[in-house]
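S.K.: Using the hints, position chains B and C against chain A.
Top to bottom, those sequences are chains A, B and C.
Mapping to my numbering: the first sequence position 192 is 192, numbers consecutive.
Mapping to my numbering: the second sequence position 99 is 1099, numbers consecutive.
Mapping to my numbering: the third sequence position 7 is 2007, numbers consecutive.
Please note that a few of the clues may not be correct.
Said to hold, decoys possible - Capping the alpha-carbon separation at 20 Å, the derived lysine to any residue pairs in SDA-like fashion look like this:
(1) 2154/C to 2185/C
(2) 1259/B to 2088/C
(3) 180/A to 1120/B
Said to hold, decoys possible - DEER-style ranges, computed between Cβ atoms:
(4) 142/A to 2024/C: 53 to 61 Å
(5) 258/A to 1206/B: 52 to 60 Å
(6) 1206/B to 2232/C: 52 to 60 Å
(7) 1233/B to 142/A: 48 to 56 Å
(8) 2003/C to 258/A: 21 to 29 Å
(9) 2149/C to 1248/B: 38 to 46 Å
(10) 1255/B to 2003/C: 22 to 30 Å
(11) 2047/C to 1037/B: 27 to 35 Å
(12) 2005/C to 1206/B: 49 to 57 Å
(13) 1004/B to 2149/C: 25 to 33 Å
(14) 2046/C to 1262/B: 27 to 35 Å
Keep in mind the hints are simulated off the structure, nothing from the lab.
Note that the Cβ used here is the ideal one computed from N, Cα and C, for glycine as well.
Each chain, written out:
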Amino acid sequence: MGKLYLELIRIRFLTLLAYRVNYYSGIIIYAINIGAYYFLWGAIYGGQQQLGGLSVEQMTAYVAIAWMSRAFYFNNIDMEMAQEVREGKVAIEMIRPYNYLSVKTAQAFGEGIFRMLFFAAPGIFLISLFIPFQFPSTPEAWGMYLLSLMFAFVINTQLNLLTGLVTFFLFRNDGMMRAKRVVVDLLSGLVLPISFFPGWAQTLMGYLPFQAINYYPSVIFTGAIPASRAWQMIGFQAIWVAVILIPIFVLWRRAQTKLVVQGG
Amino acid sequence: MGEIKHVLGIFATYLGQYFKTRLAYRTDFFGELVSNLINELINLVFIVVVFQHVPLLNDWTRDEIIFIYGFFLIPYALFSMFFGFWDFNERYIIRGEMDRVLTRPLHNLAQVCLESIAPDRIFGVITGLIIMGYAAIQLDLSFTWYDPFLFVGLVVSGMLIYGGVYTAIAAISFFSDSRTGISPMIWNIQQYGRYPVDVYNKVIRFVLTYVLPFAFVGVYPAAYFLRKETWYAYAAFTPVVGIVFFSIGLVVWNWGVRKYSGAGS
Amino acid sequence: MIQVNHLQKEFRIHQARAGLGGAFRDLFSREYKTVKAVDDLSFSVEEGEMFALIGENGAGKSTTIKMLTGILNPSGGEIVINGFVPQKQREDYVRSIGVVFGQRSQLWWDLSPLESFRLLKSVYKVEEHEGQRWLDRLIEELDIGSFVSQPVRKLSLGQRMRCEVAAALIHKPRLLFLDEPTVGLDVLVKQKIREFLRNLNDTEHMTILLTTHDVTDIEALCKRVLVMDKGKLIFDGLLENLKEKWGNGTEVAFQFKKRTSAEELRTVLGELPCEIIRENDFALRVKVSRSQEMLPFVLSTVMASFDISDVKIMEASTEDIVRNIYSTDSEVVSHG
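Bound conformation, chain A alone:
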């Protein structure tokens, strides 16, 4: 069984490598975005040393690493699922001897690994040449970041599975999936570190899983918080992973029944 998923990851990896223009355009997008936000934040800071608990240097690192983390956790499996449902391919997936959702997750993981190795790693290296950039200094800090990034991937993928599963019932929900993407970008802390938001908003966001997707790993990377707080964040991530599993499970059950009863 494990071998199957390894193979799925590998195939997705190879598929992405085959799309050359896609690769180059991806690099350009990430470079532009990081560059633009870097300067924008530079202007925002102006002469100030510290905003929202982050220094200019930490902010720079935050912007860069937030985009790089996104390269890893971001995927479009909800859109893919929607397409498979619409084209009726999902019925075929059902008769295969594997779990559809795990397959989707494996594919997303292959995609994430690809982007991390081929966009993020060279990208972060390039950026560190141009803008002052601090890497975590201890292996422990690196370990915490990678662990937290892994959880971020799982949570984001879970959310995608959820919106993808909704397609089984709504048939068309492109609008919702797109809205979700934008909301995740904002509430996960990609465009704005969570610590910038007013207090009431921060409290509210504490009850939502989104900041576990980007803010936690990115802020751990910048070293702006003590290790104890970092471990606490990772703990929250683990809890979210478990919590989101429940609605996925329920929806998946119902989606299967629906497929069996109504034939998609």
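M.R.: Positioned in the frame of chain A, the structure of chains B and C alone reads:
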């Protein structure tokens, strides 16, 4: 004259088709509307939150930035209404619908635009007007009788700039037979130009003025209404830039179509 | 009507390297192979002809159709159709043709075919009154009236295909291309479409070209057949001649009343160039190449010399012939 009437007739028919299609999926229709609105508001949130921490952004006040953003939304909404083929690569090249387009007697770009027209984006214009109006009141801006005409001209030019750049980027698909990742590119580049260009460094400012002239979609024309005289010359150039870049887009597109017909498979 | 001279089409095909390392190297530099998809193709077609282009997958059929419809430009040679050069005067040219791609829809998926027809009418500037009469006729003859106002996604493949044909004909083109029009359709629908096409050809004198895998299509519709193989035209002529050239000849199966051996039969037939196949003690088959005089001779000689209980004459079917054509040349493995 007859030709124009013909094109307008086709446009009306396509528009009709669009609404019939959309009404078939009402939940998704509203989902799209909400998603567009959220998308527009999220950037507003960014501006508002940032200005809670700083009073000025390179000498620009919060309301000025909001005004620029509101202005930017209008040409952008028109652009996404008429150039809605964000899945061009997937739909026309990989799934091969371009072949069908080429067997029809109408310019192929016009067909692609019409087939993917998205009239619901008109709501973006309304959102933009509201945001702009709010900022204008806060800033106590005054307008002359000819400002509305200039406004329309600048908005249309802005749309042409996006349209030209996007058409040229979409035409990359003609040169590659596989996925090109163009739609995320569009998704991402749309946002530049809605902040004052002087926050960026020289290189980016140059790029946003001459290479991918998105500054002409937002900050330059908006600066005219904000009476920032330093930028008047740029604002005046907006229509020229619009025409030039749309022509470039068209040339690249036609080149791509020739290439597509030459290679193909 | 159609003039094709020394048509050529070459493609550069990206050769993917194997494995992960190979895929990675492909990101930066690629290897290409040039393939001749269409090689020196010449033929001409008169107005009102109905003919088929057949060949294996990868023989160059689709490429040829794409060049004829103006989608692809030839790398050499020339095409003149209806007095137009397709790749040079595309927009004017396409007004005079209709195209049905069997695998691809030209109908709006979420709307009824009627809506798509309306749109196409305005695209082709179809005259309102005349156009409506023609459309009514199409709807009636294709028998699509009962479902033409349902959304396309709710139609069966056969229903959809008939609507596709109507959509391609909305502007009454002089030339109709059908690329694999009957793939996956059931026999009844196939028959309906064929009947319709034949009628169209008779009454409107419309020129019709189809590519197909289905030999029964050709038998039902076309007198003339073009066979392509590896980009080359290997046959251009009447269906009968195709049978003569590639058919295995005719077989006559005799059922004898008494035990008869192949040798006995051979003595009777003498030096006649034929093949005798023994089925069992009472049944023999004689295989002669297709020729007018030999068959009567064999029949009369055998009937006169033996007591025969039954005779069956078996002619090679077009399907056998096509299989024959493909297999004779398949030593060289084709790319596909």
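S.K.: Does each hint fit the structure? Answer for all of them.
M.R.: How the hints compare with the structure:
1. Under the criterion of a C-alpha separation no larger than 20 Å, the hint pairing residue 2154/C with residue 2185/C is consistent with the structure, at around 16 Å.
2. Only pairs whose Cα atoms come within 20 Å are accepted, and residue 1259/B paired with residue 2088/C is accepted, the gap being roughly 14 Å.
3. Restraint check: the Cα-Cα separation between residue 180/A and residue 1120/B comes to about 19 Å, which is no more than 20 Å; the hinted pair holds.
4. Restraint check, residue 142/A to residue 2024/C: a C-beta distance of roughly 25 Å breaks the suggested window 53 to 61 Å.
5. Checked against the hint of 52 to 60 Å, the pair residue 258/A and residue 1206/B passes, with Cβ atoms roughly 55 Å apart.
6. Distance hint check for residue 1206/B and residue 2232/C: the Cβ-Cβ separation is about 56 Å, which falls inside the suggested range of 52 to 60 Å.
7. Take residue 1233/B and residue 142/A: their Cβ atoms lie about 51 Å apart, and the range 48 to 56 Å holds.
8. Distance hint for residue 2003/C and residue 258/A: a CB-CB separation of about 57 Å, inconsistent with the stated range 21 to 29 Å.
9. For residue 2149/C and residue 1248/B, the hinted distance range of 38 to 46 Å is satisfied, since their beta carbons lie about 44 Å from each other.
10. The given range of 22 to 30 Å is respected by residue 1255/B and residue 2003/C, whose C-beta atoms sit roughly 29 Å from each other.
11. The given range of 27 to 35 Å is broken by residue 2047/C and residue 1037/B, whose C-beta atoms sit roughly 58 Å from each other.
12. A hinted range of 49 to 57 Å holds for the C-beta pair residue 2005/C and residue 1206/B, which are about 53 Å apart.
13. Separated by about 32 Å at the C-beta atoms, residue 1004/B and residue 2149/C satisfy the suggested range of 25 to 33 Å.
14. Checking the proposed 27 to 35 Å range against residue 2046/C and residue 1262/B shows it holds: the Cβ atoms sit about 30 Å from each other.
The structure fails to meet hints 4, 8 and 11 from the earlier list, while all remaining hints are met.
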